[in-house]
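> Here is what each chain is made of, one letter per residue.
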Amino acid sequence: MTDTQLNAPTIVPHDGTDAEARPVFAEERRVLGVAVSSWPGIIAPIVIGILALALWEAVVRLKEIPPYILPGPILIAQTLYSDWGTLSVSLLITLRITFAALIAAVTVGVALAVIFTQSRWLEKSLFPYAVVLQVTPIVSIAPLIIIWVNDINLSLLICAWIVAFFPILSNTILGLNSADHNLINLFQLYRASRWQQLWHLRLPAALPYFLGGLKISGGLALIGAVVAEFVAGTGGSASGLAYRILESGYQLRIPRMFAALVLISGSGIAIFLATSAIAHYALRHWHESAVKREN
Amino acid sequence: MGVAARSAADASHGGSPLVLIRNVSKQFANGTLAIRGVDLDLADGEFVSILGPSGCGKSTLLRIIAGLGAPSAGSVDWPTSAHSAEGEAEPDLGFVFQDPTLMPWANALKNVMLPLTLAHVGKAEAQARATEMLALVGLKGFERSYPRELSGGMKMRVSIARALVTRPKILLMDEPFAALDEITRHKLNDDLLDLWWRHRFTGVFVTHSVFESVYLSQRIVVMAARPGRVMADVKNAAPYPRDALFRTSAEYAQLCREASGILKAAIAQ
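Residue numbers (our numbering), protein chains in the order written: chain A, 1 to 295; chain B, 1 to 269.
Note that these hints are calculated values from the structure, not bench results.
Each hint should be verified, as a subset may be incorrect.
With a Cα cut of at most 20 Å, we get these calculated DMTMM-like pairs of lysine to aspartate or glutamate [unchecked claim]:
no. : chain 1 : residue 1 : chain 2 : residue 2
1   : B       : 235       : B       : 41
2   : B       : 187       : A       : 288
3   : B       : 140       : A       : 20
4   : B       : 110       : A       : 180
5   : B       : 140       : B       : 212
6   : B       : 110       : B       : 125
7   : B       : 123       : B       : 99
8   : A       : 215       : A       : 288
9   : B       : 110       : B       : 143
Covered stretches of chain A (chain B as the covering partner; in silico rule of three or more C-beta atoms under 8 Å from a C-beta of chain B) [stated by the list, open to error]:
no. : stretch
10  : 124-137
11  : 198-204
Yeah, the Cβ is synthetic: ideal placement off N, Cα and C, and Gly gets one too.
Next up, chain A with everything else stripped away, as it sits in the complex (with noise of 0.2 Å):
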């Protein structure tokens, strides 16, 4: 069902059944899929960015700042342009670890929230260790990650995931835990299972909490992944994005250095255009965040 068909006016009985009362909601009209009143929302931003390099770009040629101290946004573009067979390699080694991590922190943090929201104990006694892993800043830990684990994409992917896992396990516990408790009620009214309460109250119920989580962890993912890699350093023989970085400082060969800094940043607000994308797919129908209501 898309926004349209929402007001769809499918039958109006006036017949006191209230269905006169229905909430309105706001409907607009659409360009290239986008809601006439977003547009600005997209475009200030655009506009702004656009100016800001045209003055950086100005800045750079009147003061004829040397490239090795800020090259400009053109040289930049130029150089994405002529290494990208280096750096898309790297963009692949980084993005790899960011998904990978990622999936992995969903997979676990989901997981651990159901283990404990159905036993108590199991919840108390580990999640101390849980809020432990994540207030222990990764940089310090890294480095005996990397000593421990013998495979570095391995060690690369147990730092991304130890930063990227938090948020989804202790939003999704509040998720799990924040079911109406007459709903609840009305389980235990009709002998739901414990299976039952799980999977047709509980996890629906906790869908909001974990998208929101995801959506942090997704950038928390890409942040790990690259403070990770900047530990390993030219120690690892991975040779992802941060590595391009540390190893374009040494070189002084800043244009490649800021390169790699735009694809970083690039793939953050891709990761979060993606989770935000997601969140409002799967909430469209029923959440308070995903419709808009006309006064």
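Fit chain B to the supplied structure of chain A, relying on the hints for placement.
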């Protein structure tokens, strides 16, 4: 409605005891005595209102009848209902909460199907029965609507449809229409009576409205607060169908006066 005129004798259908509440008390963990020594019999097929000021334990009593929380003392017996292997009664009941209590992620049809899904009824059959039930509560055409697309009255109708979809012997309602406007409430009262008449379930309706209780029921059980206890059991022999005319009748006025008097005395204590 299309139901032929019913006599007062008709109205007291059935009559065999369905629920026997004996000396039931409930004390919460914090020491509050919610209800004390409640004795109440509910006969098969009758419509009973439980009327009382807020805090008189009427919702607590309803929840105890439903099996959502055991009484601290006393017993609730279901002489005719099936019993589990452990000897526990498994009453065939529906429950309507004060709020519609719908699953926001499921459409009206899926919400009504829930009790059947939980009872492992096949999907096709559950769908057919839920569709039929939605039509009976006046929501034909809204099967695919999500709760947030429905008005307050419509959500309550979905909630009633869900409670009735298993065709329970008894329907327990906890101030279901308290949050609705008066016009919608009157309409829902009429529709509820119509459903009751057609399906012959036992209706237990908790309310704090004297008028609602008199309009709907055959018996008005008035409760007093602190601790919650039964003050009076008022009979209402007015015939069904009841309609707007009943609301202006002398009989209605007399019963409202009587129930209000008892309620006032209950509050004054």
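> Against each hint, give a clear statement of whether it holds in the structure.
Here's how the hints hold up against the structure:
1. B:235 with B:41: holds (13 Å)
2. B:187 with A:288: At roughly 29 Å apart (the allowed maximum being 20 Å), residue 288 of chain A and residue 187 of chain B break the hint.
3. B:140 with A:20: holds (14 Å)
4. B:110 with A:180: Holds. Residue 110 of chain B to residue 180 of chain A sits at ~17 Å (cutoff 20 Å).
5. B:140 with B:212: Violated: residue 140 of chain B and residue 212 of chain B sit about 27 Å apart, past 20 Å.
6. B:110 with B:125: Distance of about 13 Å is within 20 Å: holds.
7. B:123 with B:99: With a Cα-Cα distance of about 27 Å, the restraint between residue 123 of chain B and residue 99 of chain B is violated, given a limit of 20 Å.
8. A:215 with A:288: Judged against 20 Å, a Cα distance of about 17 Å means the pair holds.
9. B:110 with B:143: holds (8 Å)
10. 124-137: violated (count 0)
11. 198-204: holds (count 3)
Checked against the numbered hints given earlier, the structure breaks hints 2, 5, 7, 10 and satisfies all the rest.
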